[in-house]
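Chain A is fixed; fit chain B onto it per the hints.
There are 2 protein chains.
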Amino acid sequence: MCGSLGRVSGSLLQVKVFITPRKGILDPQGRAVEGSLKSLGFDCVATVRVGRYITIDLDAQSTAEAGAMVKKMCDQLLANPNIEDYRFELEPTHESSTTLPERSDR
Amino acid sequence: MCGSLGRVSGSLLQVKVFITPRKGILDPQGRAVEGSLKSLGFDCVATVRVGRYITIDLDAQSTAEAGAMVKKMCDQLLANPNIEDYRFELEPTHESSTTLPERSDR
Chain A
1 MCGSLGRVSG SLLQVKVFIT PRKGILDPQG RAVEGSLKSL GFDCVATVRV GRYITIDLDA
61 QSTAEAGAMV KKMCDQLLAN PNIEDYRFEL EPTHESSTTL PERSDR
Chain B
1 MCGSLGRVSG SLLQVKVFIT PRKGILDPQG RAVEGSLKSL GFDCVATVRV GRYITIDLDA
61 QSTAEAGAMV KKMCDQLLAN PNIEDYRFEL EPTHESSTTL PERSDR
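So the protein lines, in turn, are chains A and B.
With my numbering applied, the first sequence covers 1 to 106.
With my numbering applied, the second sequence covers 1 to 106.
Pulled out of the complex, with its shape left as it was, chain A reads as follows (with noise of 0.2 Å):
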């Protein structure tokens, strides 16, 4: 699945993925934390959520082609479709920083 035309050996690239619950869907572990902050005195707190945070370090021919593989990496598993959203970054490891942020559009 990495590069059409057989094997060869792109750029290390590290791909930030940010999970979150979405909008409208309680989260409990954000409710819990939100509740044990406010009990230790950060009263100034108003919402938390909880979310994943996945570094993953990638072998890509391009900063595209590893987009959609990111992409369908967290359809396939990464996150559940139903009541998370993500977005990522791809940051060549050789190369100045890029992003290329993408959302899920469910």
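Please note that the accuracy of each hint is not assured.
Given that identical chains are not distinguished, each listed pair holds provided it fits within a single copy or across any two copies.
[As the list claims (entries may be wrong)] Capping the alpha-carbon separation at 30 Å, the derived lysine-lysine pairs in DSS-like fashion look like this:
| id | residue 1 | residue 2 |
| --- | --- | --- |
| 1 | Lys16 | Lys72 |
| 2 | Lys38 | Lys72 |
| 3 | Lys23 | Lys71 |
| 4 | Lys38 | Lys71 |
| 5 | Lys72 | Lys23 |
| 6 | Lys71 | Lys16 |
It is worth saying that the hints were derived from the structure and are not from the lab.
Quick look at chain B alone, frame taken from chain A:
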């Protein structure tokens, strides 16, 4: 703990906290995701690390006050100082976006 001289409402900030397993610490969840991605055909994946992504809406007088407060939250509750690193960004929700990255220095 929010403001030093009584409670005066400040501006609403959104804080994004990124918590990651410390380099060198075994991350079984990351290993499991890595294996699953490879078994789905994503054989270009090198390393996966799974952390937490926490967003906090916060009422604070200044980004400096908010930054100090979020550092305390991380140290006291959000991150495990023995095995995790954290950093965070502050984004005023009513002004132009400002980021204030902070790293655990342990």
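> Checking Lys38 and Lys71: alpha-carbon separation at most 30 Å within a copy, between copies, both or neither?
Replying inline: Between. Shortest inter-copy distance 15 Å satisfies the 30 Å Cα cut-off; intra-copy 37 Å does not.
>> Please sort Lys72 with Lys23 into within, between, both or neither, judging by C-alpha distance up to 30 Å.
In response: Classified as both: same-chain Cα gap 22 Å, cross-chain 27 Å, threshold 30 Å.
>> At most 30 Å between alpha carbons: which applies to Lys71 and Lys16, within, between, both or neither?
In response: Cα proximity of Lys71 and Lys16: in one copy and across copies (12 Å, 22 Å).
>> Cα distance capped at 30 Å. Does Lys23 pair with Lys71 within a copy, between copies, both, or neither?
In response: Classified as both: same-chain Cα gap 20 Å, cross-chain 26 Å, threshold 30 Å.
>> With identical chains, the pair Lys16 and Lys72 could be close in the same copy or across copies; at 30 Å between alpha carbons, which is it: within, between, both, or neither?
In response: Close inside one copy (14 Å) and across copies (25 Å); limit 30 Å.
> Within a copy, between copies, both or neither: where do Lys38 and Lys72 come within 30 Å Cα-Cα?
Replying inline: between (39 Å within a copy, 13 Å between copies)
Figure legend: structure checked against the earlier numbered hints; every hint is met.
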